[in-house]
Amino acid sequence: MRNLSLGKTLKSPNLIIGLIFLTCMCMVARIYKVPLSYGVYISFSSFFLFVILRLYGTVFGVVSSVFVNIFVIIFLHSDTISLFVPLEILVVGIIYKSKTQNLFLSEMIYWLILGCPITSLFFFLQGGEFGIEGFVAVLNQFVIGLINALLADMMISYISPQRMLRSNANYTIDFSILLFHFTLLSVLGPFTIFVSIDGLNINRDTNISIIQTIENKKFDIMEQLKGWSIIDLRKIKVKSPIQLNKLKNILDKEPEGSIVGLMIQDNNGKVYASNKQANNYDISDDWKSHGKITQLSDDIYIWHPELTNYYTDETAWKSAFFIKETKFEDIDLKLVIKIPLLKYSEEIWDGYLNKFYIIIIACIIATILSIIISRFLSGALLKLAESTTDIPNKLGRQEKINWPNTSISQIKSLILNFTEMSNKLEQLFSQEKEMNNKLLVQTDEMKKSKEELKHLAYYDALTDLPNRHYFIDYLKKTVEEDENKYKILAIMFIDLNRFKQINDSLGHEVGDMLLKEIARRFKAISKNYSFIARLGGDEFVIILENADKLKAAETANFINKILADKIDIVYNSKRIELFTSGSIGISMYPMDSNDINTVLKNADIAMYAAKKTGGNIYRFYEEINKDNKEEQIHLEMNLKSALERKELVLYYQPQFNVKSGNITAVEALLRWNHPELGLILPSKFIPIANNIGLMQEIGYWVLKEACAQIKLWRDMGIINTRVTVNLSGDNFESQYIIDTIQKVLDETGVSPELLGLDITESYLLSNFTNLDKTVSDLKQLGVYISIDDFGEGGSSISLLKDAPVDCVKIDRIFIEKLSTDKKSELIVKALIDMVHSIGIKVVAEGVETPENVDILKNMDCDDIHGFLLRAPMDKNNFENWLINYNNQRAVFEL
Amino acid sequence: MKGLNVICFSLLLCVLMISSSCGQAPNQPLSNTNPKAQTAVPSESSLNAEIKVWAANTGLDSFKQDFESMYPKIKINITKFDSLDKFNNECLSALSSGTGPDVLFFDSSFFGQYTVNGILEDLLKDPYLAGRYEKDFSEDVWESNKSADGKSLLAMTYLTSPYVTFYREDIMKENGFPSEPEEFGKFIEKPENLLAIAKKIKPKGEYIFQWPTDLPNLMGSSVGIFDKNLRFMRNTNEFAKILDITKEAHRAGFELEASVWEPAGEKAIEDNKLVMVFNMGSWGSGSIQNFAPEQSGKWRVTKPPLGICAWQSDTKIAINSQSNNKKSAWKFVEYVFTQQSGGINYDMVNGYKPSRRNNRQMEARNSFLGEQVTQPLYEDLADKMIQYKLTPLDNTATEIFAKDISDATVRNIDSKTAIRDIADKIEKTLEEERKDLIEN
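Read top to bottom, the protein sequences are chains Y and W.
Position 610, counted from 1, in the first sequence is what our numbering calls 612; the numbers after and before it change by one each time, with no gaps.
Position 21, counted from 1, in the second sequence is what our numbering calls 165; the numbers after and before it change by one each time, with no gaps.
The set of hints was computed from the structure by calculation and includes no laboratory data.
Don't take each hint at face value.
Straight-line alpha carbon distances no greater than 30 Å define the calculated DSBU-like cross-link-like pairs of lysine-lysine that follow [as the list claims (entries may be wrong)]:
| # | chain 1 | residue 1 | chain 2 | residue 2 |
| --- | --- | --- | --- | --- |
| 1 | W | LYS579 | Y | LYS248 |
| 2 | W | LYS579 | Y | LYS219 |
| 3 | W | LYS290 | Y | LYS248 |
| 4 | Y | LYS272 | W | LYS442 |
| 5 | Y | LYS272 | W | LYS471 |
| 6 | Y | LYS336 | W | LYS579 |
| 7 | Y | LYS272 | W | LYS230 |
Here chain W stands alone, though its shape is the one from the complex (with noise of 0.2 Å):
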């Protein structure tokens, strides 16, 4: 009986101990910290499909047709928007909320805010593969869509824009200095040049600045706010003579003080006060001509002042992540961005580059520039133009530096340390957000 009962035992045990092994382990943790990978794209239907494009901007309404013509199952659905306010406050919210249309037509200004992964479909995968395109993109254009980190096509340029000049042709001739496109903008290469000129219309009361910041953000746009490791890139000497000229230009009171945007600005155009405006791109003949109409044939446009090259902006075309007609979607911007429809510039430069000097654009006339022929001068400042990598951390450099160059031109603090300290507190204000995004 003793012995029974010590083999029961250590049967017993042995038994325990095999199923207490066969159980799961205890203390697992039961969480997964890691993020989650992306959910897998729904499988599109064969059938027809309905793509939903948003656009700030008018003028797709040919492309619409003729796609559709082409792709007789894909419709296209445009919502337009009033403003690019407008647009860009719908967007957010949209793709906040993990709707939102197909394709986005974004004005690059809006762009930064999306170049974090997940918001945006990645070009370069499948069934996208647009790396075939990037030979068909200039460099400068074709990492300016990339994501923060590098490592995504987040976007196709459709058009982009330069800074150009609109200036007062008969206002300048009237003063006695060149008038003609291309001596102007010559002429006003020469810092000492334009300040003469707002010297001399001061009196007047007319003006070709509008706030100190001018001329330091067209510098900026020329060279862009991060580079590619998000070091803040306006810390030159260049920023510092530009500073010394706009802060020569304050103390001569030589500034508007109101901006081309607010009705102040507007007005000013409208009542002949500001004859030169040059914070606008390409497109902007069409803005004044709207502000006054009745000013066609006095404006001309040339090459930016101090011979800088700048890029204003672009519009980007991108699919959102969470569309179902990613396939269609993409048919849809490869037919836009690749000019198949023939192509509309608006004042614009293709950023496909094939699609680049059309002929019928090339010779152009601008009837409320006095007929000039305004498309080379577009394509060759978009040639010399860098179009630089938008962030996330865009805005809030952008609002600092003009802020604080606003304050070192008021404050006439020295233009180095000026523009030093910007760059520091620039820096050291995103610092954090900067190692996120290079981090991750």
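Bound-form chain Y, shown alone (with noise of 0.2 Å):
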């Protein structure tokens, strides 16, 4: 069984409260005892020390017990006897500890061996004589010791005061305790309640015989006193030897062996006459002074000194006295019979002796018995809590596990299905291992992949070097960790020359290899330099980290020189030799800017400068930017991703009939949203598109977005004309011009007379003999054509007779002077005549005021627009513009 001792220290204020309560208890049990009869007695005092040695160890019982015992010696005076509950408390805590680990065993051997014999010993050295009520003391101690002793097991065994001392405790009971508890109860319970019953009967029983005993005496005396007058009485008091010889006479006639003591006495205890057993009791004649005494009735007393200062109670008792007092009528005398329990009390103490005898011995053998069985039943339960214990890990090991043999039926078949259930608990972890196997295998698998993931997300897969992401990581971390700024950067932007060409010559294939190639002298030579990474595409970039614009600068050319090496590659088994070159840009940081973003762009910029220049060499951003011709090449740049980015957008402004105010058509208006620049006019970004090529695929977008939202519009209901499309030079010039278009209109679903094109007088001037056929075409083609701009080329009327167009729009340098400039006007006014005199229609742009309104509306020109009638609108508030316009038919004074 666990010792369940809480610690030697005590540091909870529970624990101090504990067993300061305790310690208060036993001192209570001390004072208080039940008693049963004679001197015998139950006292619990020593349960609460069992309880303290249980709970706190045996130092601390034993301090406890001579903390009460001094108490009770100073303030009570108690039997000596008590005094060895120290040495008992010592030597039980003892033999529990080390040996027994059960506190009523202990107890029985501590008084079998020691108790018995010490305390008896002390009792003859107190000088008292060793008679059986000695004994009794004795054994009385015993059994008191065996109950507390069984009653303090149990009591810590099943209410567990430890829970409510230690609230985390863990606690369990063990069966052979259980048992041992329970048989021991039953064979002490029994008899504790026999003997008390029986001293409580005993002790009436001795009561009336001796009260029956008391009054016949008293009887027979005063019988023999009736003769006697008052002066006889009264010269017994003064001492009248011949009436105080009469009466001890009378006194005398006591028979030889009788007990009956006989006295006559005054009230203030002198006596006048006695017989020889009152002479020869050892009480005094003021017993009422002293003692303690018992008041059976008015007359009846039991005396016995008090229970103090004796070894032991019975001891005292020994000394009882059973006194009657009759008072004699009208004189201060009484008849005063005393009996000693003495002769009473050997019989009962004989009886006490006998049971005390019988309890033990009863205890000695339910102890063994208790004993043989609990290991008879709790060997096999034993044996098979040793084969459970662990059981997962056996199992998991396949270790053979030991099954207990046993005749007890039910153990049997606990152990019958432990064993099936370990059986299947051993299949099922086998089936778990190999589960646990394939899965190990797996997540090594995934780990792998993981690995690769990770490799495949950081490391470019083509060249194995880092990918830009990775780039910009490390970047990231460089600058963060150099919190001073201390640390130079010089980022180098490498873009392969002619790497398209050859790409686009000798394949993909060839081209990879060739990346790899040069992913591979990078490699080479890397551990010299910072980080290599390649950003995609044929763009590399190399950091160098405290480096300055001279270490750069020698970098760039060195990697200039790798990079114009020849490169063989076998492809197909046939040796190809290429040859290439970098274009290095390269931005320093933080002299360049403190900001990462801004120094790639930078780095960018100038790589993209050193590749407009020709390649092969390397350019500083800080020269770029001295130049300004920053925002230019920025363009340049970003031009090409517009497109992807979705940046290019197209704004609407409609176009109204100057008399009617209907729309009649509306313009489709390139714009470039720039993320960083805003809204760039075509004016500024159509150029540098002219000049990097990429007009052809800008065209082609507007011209399918134009017309894609026209059909919404007209499938929405919210309008019903064209859309009017500006084209460049470069797309009309276009071989695939028509194709283009009629692709659009297949695609968009949109008939050829809702897209109208707008041509700039001076580009069809200037290439009218290429574009005759085109016009043509794309006239027949069913789209609506307008000369944009007319008037500004100055020579644009031979145009009309040749260009099969639809619509003339007057450009906006003759129109927004019409109200001031008489010139302007009559030269619009011409220009309307003359235009519509060939059947067709005049546009008149820039409309800006009211009242070149009003003078064109005079002129007869077919619509205009302008800011006045509508600004530009994205497609969003175009839409609900129109909406609106719908709604309201918006008035316009022609």
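Using the hints, build the complex out of the two chains.
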């Protein structure tokens, strides 16, 4: 059984309070014993000490018992045999802890080996006669100790004050202890009850017998004294020898062997006559003034000396007396009859002695039996417990389990169930193990995949160099670590020149091989540099740490040198020699910028500038910035990706009939919604687009977008007119323009007449020969053709003759001064008339004043548009405006 | 750990041994069979004291006045009783209950029962120191006031009285016998003369004997009852001779068969039938005078018959052990027995020798007794008598003695045998009491 000691040191307030409480209860129990009869008693004082022993340890048990002893000695003068309690606790504690782990057994061993001899020896040393009362007293203590030890054991086991004092304690009950307790309880319990009841009965019967004797004797004496006169009685008081002698003769008539003591006494305790027996009795004449008196009736008492300073209570009871006082009438004299309890108590104690012997022997037998039975029962259970200890691990290790054998059917059944269960578990464990192994393999593979994914995420698959993502992370990390901005970084963007050509001409596989070779060369020199990555396509980047411009320049030269070396590739068993070079853009951090993104952008710009210059060179951003070509280059760089990033948008401007105010056409105007620079007008980026050959692409997009949008609005029912698009020269020059337009119309589902194309007068004039067929083809297609910015070129009238156009848009330079410049008015009038005369419509552009509107109206101009009427809007705003316009039918004073 | 356990065990044993030895030893007898010592006398107040005095006799008033004037702070409160019996009963009741007066004037007939220690104060001790008066009392008087064990002085004799013979002078003269007191006293010394008187007057219906026990009792009073060893003293030839005379007188029918203390006896005196009384003390004239005042002048007093000098009684003054005013009480006692008031004897003799033969008293005449000067006779008889010691056994012994003497007289048992048998009987009957008194 586990030692339930709460620990050697008291730290918790609850524990201290518990100890103090138990010690006080011990004191109370010591004071208030449960008397049975004639000194035999039950006391529960040692119960609390045993509880302290179990909970707090032997030391605390002994200390508490010493403390109680001191208190009781000083204040109560207790019986001496109780002084051995500390010794009892000490020895029991030692035996308990070192051997038995069982309080009852320990207590029994103590009394059998030490307690009985020592207490008896001290009895002799005290000089007392060790009679039957001595035996009874010692065995009384023995039995009290056994009862208390058992109760304490049971209380600790089943009520578990440890749980109350330490809430986090784990607690179990041992089966063998349980069996032991209940076996002993079944012996001690009934015995205690029997002895208690028997004790009370003995008490009662003895009292009755003695009282009867007393009453008889009183009657006898008083009868003899009945004839005495008051004078005779008075003469007793004056000690008249005659009367005293007569009295003495009466009192001395007690037969030999009688235990009845007779006295004639006055109220002051003065004895006038007494018989031999009374003279021999060891009791003071003024017994009422000391000792313990129990009044049985009006004039019958039981007296015994105070139960203090005696070795045992029984020793004190040995001197007990039954006393009856019968007062004489009219005189201060009384007949006192004393019967010592000794004769009766010896019989009683004899009875108790036998009972104590029986119970002690019964306890010993019960203990032995209980140990045997519990070993028999709990042996099998213990073996079963051993077998099932750590069973999961055993099964996991596929250890053979030795199941115990037993003849106890219930335990056997339990063992069989365990066996079956363990077999099943073993199977499950095997399966689980298999699954675990598989899982481990899968986990490894997953891990590998993860690694690979990571590699894939951070490394370029083709060249195995760090990719853009890794580069950005690395750069950020480097900058973040450099809190004080001491580090100087040279970011070198490297673009391979002519890579596109190689890729296009020799195929992507060769291009990849080229890239790999370049990467290999870079890797070869990578340890000299901080970081090398492939950004994508044919772009690489190198980060030099703590490099100045000179170093960066040297490095760039070196790189170009490496790149300039021919590259030998074997492809399809053919040896191919490739030549390339690098355009390197260098941006210095933090000199060019503290911001990483800006540094990268700068490096990109520098690279672009280097590339524009011709390749195989390097450019520092710092130089480009000085030339203020940054914006230009920036636009050039971004325009390519603008289309992809959907930064190009169409704004829509309505064209109105000057008289009816109806919308006759919607002009789609290209804008660039640059994320940094904002809305950029075509005038700024169209030349760049032209320069870099993007117009085809842009034109195609514009056509498609415009057609798709007009189709959408037509389908919504908010417009039923055409959309007009401005095409660039490049667009028209393309041999595929017709196909392109057809394709767009087919793709968008728009009828050709709903598409209007504006060709600038100037372009038409300078390229009419080439464009003549195109325009005709377009016209044949059904597309609405307009000459834009008519009049701007000056000699545009001839165009009207040859170009099969549907409309002429008079340039704004004529319109804007219409109301203020007569010449303009005349010119415009003439133009309108002229154009009308050949059946072509006229649109006035850039109408910005109401006066102009009036004039144009008077001139019979067909349509007008301009900021006055409506500024160009993006598609959402235009749509909303269109819906409102339709709903309200804006009145436009023409 | 093991060693620590051994040390703890040993220490604990030592502690137990020390503590148990420090405790009281058990089985000490709690009772004390030795008799309790006398409780301490409460110290007396120095303020005014009131002394309660019980007396059977009258005549203390003059003492009271004189004493109180001498000791203004001490008041004397005297309680008188109608009779000796009543006084005795009250005394017994009070003394047995631990109450009672401070001072008791005992008649000797009731003193014997108080001669056991613890009832009356030992006057030899502080603050009394009465031992200084021993020389002023005759030895027998002094010893007669001692306790049964002889160790304590329990009282002081105030007045004592011898036995005397009161006789009708006229009748004696008439019958031809000597009538003058001195002659008559001498005449009746011889037993035959005594019997002759009885014989002579009997036909006239006159008697000189009351009961057979008259002469034995007189004889007995001359010697006492018990000696100092509490042995019965009357087993002698003299007593046998007295018994012979008694038997002869009885055979002759010379007894009145009534006691002077009974109404019949009183009437006999009154009727002139009982003409001689010798079982009274010197104080008896007053009693006879009470019985027959008309016979004044006819009676005379002389010494007892047969030449016997015997002590009849005395008045003893004692202090109650329960008194709270012992010192003051002793002052009064001392004052009285030393007759500081000048003394009135009441036809008795002072115990205190320096007060004896007071001139005034010696010359006084008793008118009832025919102006006889009686005090010198009393003083002489007192000088010669022996005042024997009283014991608690006296009454029983006296009863047995009287009864058996009567018996022997009536049955005419041999006198010596009878006396011897009486003595044996008394000794046997009181053997244990005697032992108790002697040993305690």
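Legend entry - Straight-line alpha-carbon gap LYS272 of chain Y to LYS442 of chain W, limit 30 Å: With Cα atoms ~57 Å apart, LYS272 of chain Y and LYS442 of chain W exceed 30 Å; violated.
Inset, instruction - With a cut-off of 30 Å on the C-alpha distance, tell me whether LYS272 of chain Y and LYS471 of chain W pass. - result: Roughly 26 Å between the alpha carbons, so the hint for LYS272 of chain Y and LYS471 of chain W holds.
Inset, instruction - Compare the distance between the alpha carbons of LYS336 of chain Y and LYS579 of chain W with 30 Å, and conclude whether the hinted pair is satisfied. - result: Within the cut-off at roughly 25 Å; holds.
Inset, instruction - Assess, step by step, whether the Cα of LYS579 of chain W is no farther than 30 Å from the Cα of LYS219 of chain Y, and give holds or violated. - result: At roughly 28 Å apart (the allowed maximum being 30 Å), LYS219 of chain Y and LYS579 of chain W satisfy the hint.
Inset, instruction - Quickly compare the C-alpha distance for LYS290 of chain W and LYS248 of chain Y to 30 Å and report which way the hint goes. - result: 24 Å, holds
Inset, instruction - Decide if the proposed pair is consistent with the structure: LYS579 of chain W and LYS248 of chain Y, CA atoms, cutoff 30 Å inclusive. - result: Given pair LYS579 of chain W, LYS248 of chain Y holds - Cα atoms ~14 Å apart, limit 30 Å.
Inset, instruction - Measure nothing beyond the straight line between the CA atoms of LYS272 of chain Y and LYS230 of chain W; if it is 30 Å or shorter, mark the hint as holding. - result: 27 Å, holds
When the structure is compared with the earlier hints, a violation turns up for hint 4 alone.
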